[in-house]
Amino acid sequence: GAGVSQSPSNKVTEKGKDVELRCDPISGHTALYWYRQSLGQGLEFLIYFQGNSAPDKSGLPSDRFSAERTGGSVSTLTIQRTQQEDSAVYLCASSLVAGGTGGKLFFGSGTQLSVL
Amino acid sequence: GESVGLHLPTLSVQEGDNSIINCAYSNSASDYFIWYKQESGKGPQFIIDIRSNMDKRQGQRVTVLLNKTVKHLSLQIAATQPGDSAVYFCAENQNFGNEKLTFGTGTRLTIIP
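These protein sequences, in sequence, are chains L and Y.
Under my numbering, residues 72 to 187 are what the first sequence spells out, in order.
Under my numbering, residues 258 to 370 are what the second sequence spells out, in order.
Keep in mind the hints are simulated off the structure, nothing from the lab.
Being a predicted model, the structure only gives us computed values, none of them experimental.
Yeah, the Cβ is synthetic: ideal placement off N, Cα and C, and Gly gets one too.
Treat each hint with caution, since some may be false.
[Unchecked claim] Which bits of chain Y does chain L cover? Going by a derived footprint, with three or more residues having C-beta under 8 Å, they are:
1. 313–320
2. 361–369
[To be verified] Okay, derived cross-link-like pairs now, EDC-like style, lysine to aspartate or glutamate, Cα gap no bigger than 16 Å in a straight line:
3. L:Lys175 - L:Glu156
4. Y:Lys357 - Y:Asp288
5. L:Lys175 - Y:Asp274
6. L:Lys175 - Y:Asp288
7. Y:Lys357 - L:Asp127
8. Y:Lys357 - L:Glu115
[Stated by the list, open to error] Computed, partial: chain L to chain Y, Cβ under 7 Å:
9. Gly113
10. Pro132
11. Phe136
12. Phe178
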């Protein structure tokens, strides 16, 4: 597709279960970001991948959160032992140019995660 | 800590009128600012950006103003249309070489037909 694709669009899980969220960035985009958006709130930075560099994980809220980016393309955000406070929309974004563009990001539609 | 904040959480404007959405930032080192529009059920969409060496930038029906003296950013939308109804976020980049953006809480703009 032409845009950033995220799956699933909705995920309902039970507290304590693990979940995996997937992001397919725009082809050729070297940078990939994960943000979290709680209801009525702004976007909270989670993690940033740029090319082959070590990812910036400074926004991950706990060690239950991890993310990988395979082959410089698809990324998976994993949340282990989910808690109710993990319920949010998880947004993925990608951008074309390496550092220096400032941040013109293209976002996917997000995964709505609900932890019961 | 550093933050990006908005003055008003909601704004209602009559269709055809102009709207102004405001944003305050606290990090004087921020050198790049972006406005995003988020419609219901969708991810944020880039609207317009501005570097810190500018104080005004215009796009199609939108203008961004930057006042570095008071650390204030605004988005002006001219001749509003129903499709402009959305949540608008300002975001700042505190290091132009690093594309990690800090987003504000957002302002919900409602266009009244």
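Note to self: Using the nearest Cβ pair, does phenylalanine 136 (chain L) come within less than 7 Å of chain Y?
What the structure shows: violated (16 Å)
Checklist entry - Regarding the hint that proline 132 (chain L) lies at the interface with chain Y, is the smallest CB-CB distance below 7 Å? => result violated (15 Å)
Satisfaction of hint between aspartate 288 (chain Y) and lysine 175 (chain L), Cα-Cα up to 16 Å:
holds (14 Å)
query = When you check the alpha-carbon spacing of lysine 357 (chain Y) and aspartate 127 (chain L), does it fall within 16 Å?
reply = Holds, because 9 Å separates the two Cα atoms, which is no more than 16 Å.
Q. Holds or violated: is there a CB of chain Y closer than 7 Å to the CB of phenylalanine 178 (chain L)?
A. holds (3 Å)
* To do: Three residues minimum, CB to CB under 8 Å: does the stretch 361–369 of chain Y make the cut for coverage by chain L? Let me know.
  => Per the Cβ count (3), the hint holds.
Q. Does aspartate 288 (chain Y) lie within 16 Å of lysine 357 (chain Y) when you go C-alpha to C-alpha?
A. With Cα atoms ~12 Å apart, lysine 357 (chain Y) and aspartate 288 (chain Y) stay inside 16 Å; holds.
Practice task
With a cut-off of 16 Å on the C-alpha distance, tell me whether lysine 175 (chain L) and glutamate 156 (chain L) pass.
Solution key: violated (29 Å)
| Is lysine 175 (chain L) close enough to aspartate 274 (chain Y), meaning Cα to Cα at most 16 Å? | Answer violated: lysine 175 (chain L) to aspartate 274 (chain Y) is near 28 Å, above 16 Å.
Keeping to a limit of 16 Å between CA atoms, is the pair of lysine 357 (chain Y) and glutamate 115 (chain L) held or broken? Holds: lysine 357 (chain Y) and glutamate 115 (chain L) sit about 10 Å apart, inside 16 Å.
| request: Answer holds if the nearest beta-carbon of chain Y is closer than 7 Å to that of glycine 113 (chain L); otherwise answer violated. | output: holds (4 Å)
Worksheet item: Do at least three Cβ atoms from the stretch 313–320 of chain Y come closer than 8 Å to Cβ atoms of chain L?
Response: violated (count 0)
In summary, the structure is inconsistent with hints 1, 3, 5, 10, 11 from the numbered list given earlier, while agreeing with the others.
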